[in-house]
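**Q** Full structure from sequences and hints, please.
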Amino acid sequence: MSFYPLLIVLLLMSAVGYWFGSKKALGAVRKSTNFITPRPHQFGLYVVIWALVPPILLGAIWILMQVTPLQMEVGLSQQVNRVLFPVIVLLAAGGGLYFSLQKIGPDLKVRKTIEGLVYIVLILASIISILTTIGIVLSLLFETIQFFKKVPMSEFFFGLTWSPQTALRADQVGSSGAFGSIPLFTGTLLITCIAMCVAVPLGLLSAIYMTEYASQRFRSVVKPMLEILAGIPTVVYGFFAALTVGVFFRDIGDAIGIDIVSESALAAGVVMGMMIIPFVSSLSDDIIMAVPQSLRDGSYGLGATKSETVRNVILPAALPGIVGAVLLAVSRAIGETMIVVMAAGFAANLTANPLEAVTTVTVQIVGLLVGDQEFDSAKTLAAFALALVLFIVTLCLNVIALLVVRKYREKYD
Amino acid sequence: MNVQIQAEKSANAGMDVAEEFVIETRNVDVFYGDNHAIKGVSLNIPKHQVTALIGPSGCGKSTYLRCLNRMNDTIEGCRVEGEILLDGLDIYASGVDEVLLRARVGMVFQKPNPFPKSIYDNVAYGPRIHGLAANKDELDDIVLTSLERAGLLKEVQDRLHSMGTGLSGGQQQRLCIARALAVRPEIILMDEPCSALDPIATAKVEELIDELKENYTIIIVTHSMQQAARVSQKTAFFHLGDVVESGPTEKVFTSPEDERTQGYITGRFG
Ligand SMILES: Nc1ncnc2c1ncn2[C@@H]1O[C@H](COP(=O)(O)OP(=O)(O)OP(=O)(O)O)[C@@H](O)[C@H]1O
Ligand SMILES: [Mg+2]
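Chains as they are written, first to last, in the UniProt record's numbering: chain A, 1 to 413; chain B, 1 to 270.
Source of the hints: derived by calculation from the structure; they are not laboratory data. It is possible that some hints are incorrect.
To be verified - With a straight-line cut-off of 25 Å between C-alpha atoms, the simulated DMTMM-like cross-links for lysine to aspartate or glutamate are:
id: 1; chain 1: B; residue 1: K117; chain 2: A; residue 2: E155
id: 2; chain 1: A; residue 1: K306; chain 2: B; residue 2: E76
id: 3; chain 1: B; residue 1: K111; chain 2: A; residue 2: E212
**A** Here's what the structure looks like:
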């Protein structure tokens, strides 16, 4: 039997089970002397659980045994498999059905079984997401170790040149690439700094305006608009950076007689900053709102103006939270890819000049993996090493930020 | 207690002589949007005395109090009509700087709300903003005398630079009073200043109020009849946004004219 008919049979069996279960429960409940009994549909669900969970579990174990190394030891032929699998699954379903229908009676703890299943499903969901994360990290780690077997660590961490083009044929010139990652990290740093210089002041000031100065009406209109800004796909920002802002900056440069390349770090950073503004402002907004009204009243009551109150009471009280928000924003900027891929280019220049082109870690990861690649070449593996470092940096930033924000929350709760 | 009652008596006796009012309010109406919270209240506040505002919850005591230093301005949708004269000048007239007004009419809130700063910085906050001290020594002087007047100096003398939020509730409230005193107001508004305090801290604050009235005019909102009777010389009874009765505390409590006042007062005592 192939897969889909099997599935349909299983579903049919559980539907029938549901019907019989509820029917039988109606009779049992009527006879029961208990004051409160489960409702019939809960008995039906109980039967369905028993009809579905055992075959799914058995089936899953079976499949795992086929695709993992265990297969060697079991060593069954295709043919046997074809027949055995549906039989086992259907037997499990039938057994479950029979068992559960037998057990239905006034004293059966149906609700407990259902609660238990809900509990297990919830735990499974969270375990899966955690395991996935761990799996990703482990595979990054594994590939990174492979990379460092080919390229020395000292070159990767301290080398000043990045040109990962390894030769296709042994006799080509420049057959060994250079894997010094410093230009990438300085490039990332430069663009992130520019983005922060745009996003932090604008985001913070707009948050202050929204919380302290704006009227309720204005706030209810503009706040959702800012949040829409946060929903624009980054590729659109990338477009904007590459086609509009970059050219605009270059033209300005021409007009006042300085050289600005159209793929300048400045353009990418400014646009990335614009992307992050809503992020900073909505986080800061929440944090400033959390400063108790009584502190504002206290300050106004002493004859302080609004801006004096903001400067002397609200910002100091909110500062830890705002620092946390900024760190979160930094980690977003570092990990941001699309804007820089489109606007910043691939030239790995080691420079602090925002008017020149630089490249970032994320751009290079994209560059390394796009196109046909041998999977075990140093060039491909370098992407994993970069990704691991990037992951560790943003992870640290996020952890620090969350700790800071949480510590601050405790103060007022 | 005896001393206090005598003090009250002498103050009441003094009141028979021509009274001097610092604040005069005439037909004050306050609206929160469509909610008519205060309905034509006229009340005069005598100088260097304690005036108590009493009345059931939601009758507009806090609202009235907040009119006197224009704290209502910070509430969106709040509208004040009528005349409120401070030393004969309308504080709601155009051109009046509400920020300066609030420096003259200080406020102490229901829940102690020290800033998350050091004790010293809490008290120095107002003087720094208004530039009351020319140098560090003068500022030290203002801070210390304010703490002294609020009766807190002894307890915090050796930890002026630890956090004000780390004090006990009663100490925090006296810190807030010191903070208000440091701007040298003429009038101090207190909105249920003792409702978050235990009886001992309450007694301390009441004692303090009694001393402060030598130099300041105090208006206090309270839900405790005993407190109103203990600390105030004049009492106004609010009911549904209206002042039903006002007059010397002794008279309001012993022989109220309005039966609603009578009911409220006796209901409280059981
Ligand atoms: N910020 C506000 N916005 C809208 N309505 C308000 C606001 N503050 C008070 N009110 C309304 O004004 C009326 C008077 O409230 P107020 O706080 O002055 O009462 P109160 O006498 O101080 O009561 P309590 O003794 O409980 O403190 C109430 O009906 C209240 O609902
Ligand atoms: Mg009140």
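**Q** Now tell me, hint by hint, if it's right for this structure.
**A** Status of the hints after comparison with the structure:
1. B:K117 with A:E155: Violated: K117 (chain B) and E155 (chain A) sit about 50 Å apart, past 25 Å.
2. A:K306 with B:E76: holds, 14 Å
3. B:K111 with A:E212: holds, 22 Å
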